[in-house]
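Student: Chains as they are written, first to last, in the numbering used here: chain A, 78 to 437; chain B, 410 to 866.
These aren't lab readings, by the way, just hints derived from the structure by calculation.
It cannot be assumed that every hint is accurate.
[Said to hold, decoys possible] No more than 30 Å apart at the CA atoms, straight line, and that leaves these computed lysine-lysine pairs for DSSO-like:
hint : chain 1 : residue 1 : chain 2 : residue 2
1    : B       : Lys504    : B       : Lys571
2    : B       : Lys529    : B       : Lys686
3    : B       : Lys529    : A       : Lys372
4    : A       : Lys372    : B       : Lys528
5    : B       : Lys750    : B       : Lys689
6    : B       : Lys579    : B       : Lys750
[Unchecked claim] Covered stretches of chain A, going by a simulated chain B footprint (3 or more residues, C-beta under 8 Å):
hint : region
7    : 168-177
8    : 278-287
Heads up, the beta-carbon is just placed ideally off N, CA and C, and yes, glycines get one too.
Take a look at the letters that make up each chain.
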Amino acid sequence: MLLNTLKRLLGRDGSGDCGTEARADGAASLRADGGTPTSDGFDIESVVSSLRESEAVRSAPFWLPPFLLMGFFVYGAIGWNVIISFTDFAGLQLPTYDPTAFDLEMYRRALSDGQFWLATRNTFVLLVSFTGLSLAGGLGLAILVDRGIRFENWFRTIYLLPFSLSFVVTAVFWRWMYNFDSGVINVFLRGIGLDFLASKWLAGGVELGALSAIPLVPETLQFKLFAVIFALLWQFSGYAMVVYLAGLRAIPDDQYEAARVDGASTVRMYRRVILPQLRASTVSAAVVLMVFALKAFDFLYVMFGNNPGPTADILSTMMYRQAFAANEWAYGSAIAVVLFLVALAVVAPYLYGEYRRGEL
Amino acid sequence: MTDTPDTDGLSRRTYLKVAGGAGSAALLAGCTGGGNGDSDAEATESDGGSSGDSETTESGGEGSSGGNALEVQHWWTGGDGGAAIQALFEGFKEKYPDIEVTENPVAGGAGQNLHAVIKKRILNNDPPSSWQAWPGANLQPYTDADKLADIEESVWGHNDMKNAYLDGPKKAAKPAGEFVTVPLNIHRLNNLFYNVEVVEDAGVDPASIDSPSALVDAMAKVEEAGYVGMAQQTKSAWSTGQLWAQVLLGEFGADVYADVTAGNVEANAEAVKESLKIVKQYSEYYPNDAGSISWQDANSKVIEGDAAFFHQGDWAAGMYRGQDGFEYETHWNQVPFPGTKGVYALNMDSFPFPANNPSPEATKKFLRYVGSVDAQKRFNPKKGSIPPRTDVPKDAFGPFLQSQMDDFANSDAQPLSIQHGLAVSPDALTGFGDAMSSFISGYDVESAYADLKAAFE
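Using the sequences provided together with the hints, build the complete structure.
Tutor: Given below as structure tokens:
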């Protein structure tokens, strides 16, 4: 069906050589061959022929198939998820997709759910601190590696290697490293005489005192989320380093030389000349890192199971729990929509900026 | 456009045509590919690490092959469980050689991955013949949606099952008043395991501890002697969920326990808060690394003689069995959790009967077999659990399980597990999990009480 329409739009149904036929030059002489009846006359023909000439239609074979696939499997799924979030779908009875019964009940429920706010807070803490620290760490490493050190390739590979490991692997061994009694972190701290710093990284915390008067700030700051952020940082700084390194390499050498000749110190040279030119690297690395932060689900799930507790629960773990453990499909969908909007809010400005600068 | 040279137009048009053909071919491929992609996705989802890839094809063929094909899904893919279910299937095949059994195990997530697959198949009206499920309130969403069939006559009417099962398991088999599932095994939850040498060294007699609150003093004594009081993991909340339930049961009795799980939290506010407080006191006797270890790691502390007590379901004894030179009664032992003498707290697995069963006759035969002495005798010794039937001969079981079977046969009450879904619906269970997760990160009794109230009511 679709195939026929496509063929008809493209014009040539018959298999003969149609090459010499009149081109659609706007004249009336064109006969729509094949199955298209021509009795309706002039107008339709001209519409058909102008359609045939339009870029969109002529390029359809190239964009239409991927468009349909993407549309169905990605945007269709997102759309369906949004629709489910408007229903009351829970348990094991399929919802009735009745547009008159659609409401925002699930979103209201989320707004009045303390757990949801905790998860949102944690998601943003994770997003901001992980991205910021990864970028800073990556930039530092990139500058060091770019100083023309020996064994540069070795170091680059070593720093990037954690990025190639799966979340499952890193989660398991960071859990071991965080062990209070036998974990390498505390063993090391005790070994160098810093016993007082050895902590229960996954279960302990510090008292915040007066700060806890601020809403959503707890009385004790649990290390759990920061332990997770630190582990993720270790994994992703290498990626930020590679992106920055590419950016640094793209800066012509004469700019370094010119800065030197003008008597700029190294710090000043980087601050005034080099860093301002790394904007594009920063933005693209930041977007990727933020999306990874939103997807930290695997890491948390492997480390703590489907409920990491109030101090490390993020929206994606909560979504999974509500949908697949509690059978609250609609509520899970609503959380998914919120998560989707957050991701969109991260990516959209970047895409728009690229579009405006004509790079998209 | 007319100024385009003709030859160019020709080649370009031919090109377009070819491209169009290719495009439609790609589209066609895209359509069929889409179909494949779909079933692939399904297979991967059901995969979870083992052989889920045949799921769609198998279930597709199911309808046509009539009553002799049986599809059973479970999450026992390895270890004790894997060996146990294989022994059961062997017995079934001996009895019914003409029934073709297809297993589609879904590993991982303590059954959560399988639950997801089953829910999806139920929603798609394509259930397997039967699957591994916790009985009791865990099946409530299925009975609410009318997805399970009454098997009182067809299954429970055979093999003298109704007399052989005690009331607790029977109640769990009737989540909505009708028999819809057949429990296969029981793991006990109200155990207190201990390292014999450690408690002797500390001068504590576990059998004399008569209530959960008295256990606190015992653990204090143990810590004075230089051991960890209670090997507990707080990496995830479920062990604490189990522990709190036993404390409630031991300190306040089976009636209060049942009342709380039925949703009357406020009426039992004192009991709930007091039991939370006791758990909070216990937490002072946990190992330092409780937050980053698994229950197996915790249990190792008992085996290695670093910790005295250990609370867990009796699957924990499987680790002791596997440990050379660590023998029952000389090195480790078990008492009912303090205050729960005469009580057998149930955690069970069962096989339900879906309403639109693809192979009703074969499934009935299978469920009757699951409820038989032969099946339970084959399965349970390997699994390290006890049979829910009280007439299974004890000689196949080891000394520890034999004593558990005696306790079970003589028990006055068989309360259903909260943490393992028997007593509360999946929705309430998730709320319970949230409550316990919050509780272990700060031990705030009041807010845990509020969370529990919200979860159960």
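Student: Are the Cα positions of B/Lys504 and B/Lys571 separated by 30 Å at most?
Tutor: 22 Å, holds
Student: Between the alpha carbons of B/Lys529 and B/Lys686, is the straight-line distance 30 Å or under?
Tutor: 40 Å, violated
Student: Measure nothing beyond the straight line between the CA atoms of B/Lys579 and B/Lys750; if it is 30 Å or shorter, mark the hint as holding.
Tutor: Holds - the C-alpha atoms of B/Lys750 and B/Lys579 are around 21 Å apart, at most 30 Å.
Student: Please count how many residues of the region 278-287 of chain A have a CB within 8 Å of a CB from chain B and say whether that reaches 3.
Tutor: holds (count 4)
Student: Tell me if the straight-line CA distance from B/Lys529 to A/Lys372 falls inside 30 Å.
Tutor: Holds, at about 23 Å.
Student: Tell me whether the statement that chain B covers the region 168-177 of chain A is true, taking a Cβ distance below 8 Å and needing three residues at minimum.
Tutor: With 4 residues closer than 8 Å to chain B, the region 168-177 of chain A meets the three-residue bar; holds.
Student: Checking one constraint from the list: CA of B/Lys750 to CA of B/Lys689, max 30 Å. Satisfied?
Tutor: 23 Å, holds
Student: Regarding the pair A/Lys372 and B/Lys528, is the alpha-carbon distance no greater than 30 Å?
Tutor: 24 Å, holds
Consistency note: the structure conflicts with earlier hint 2 alone.
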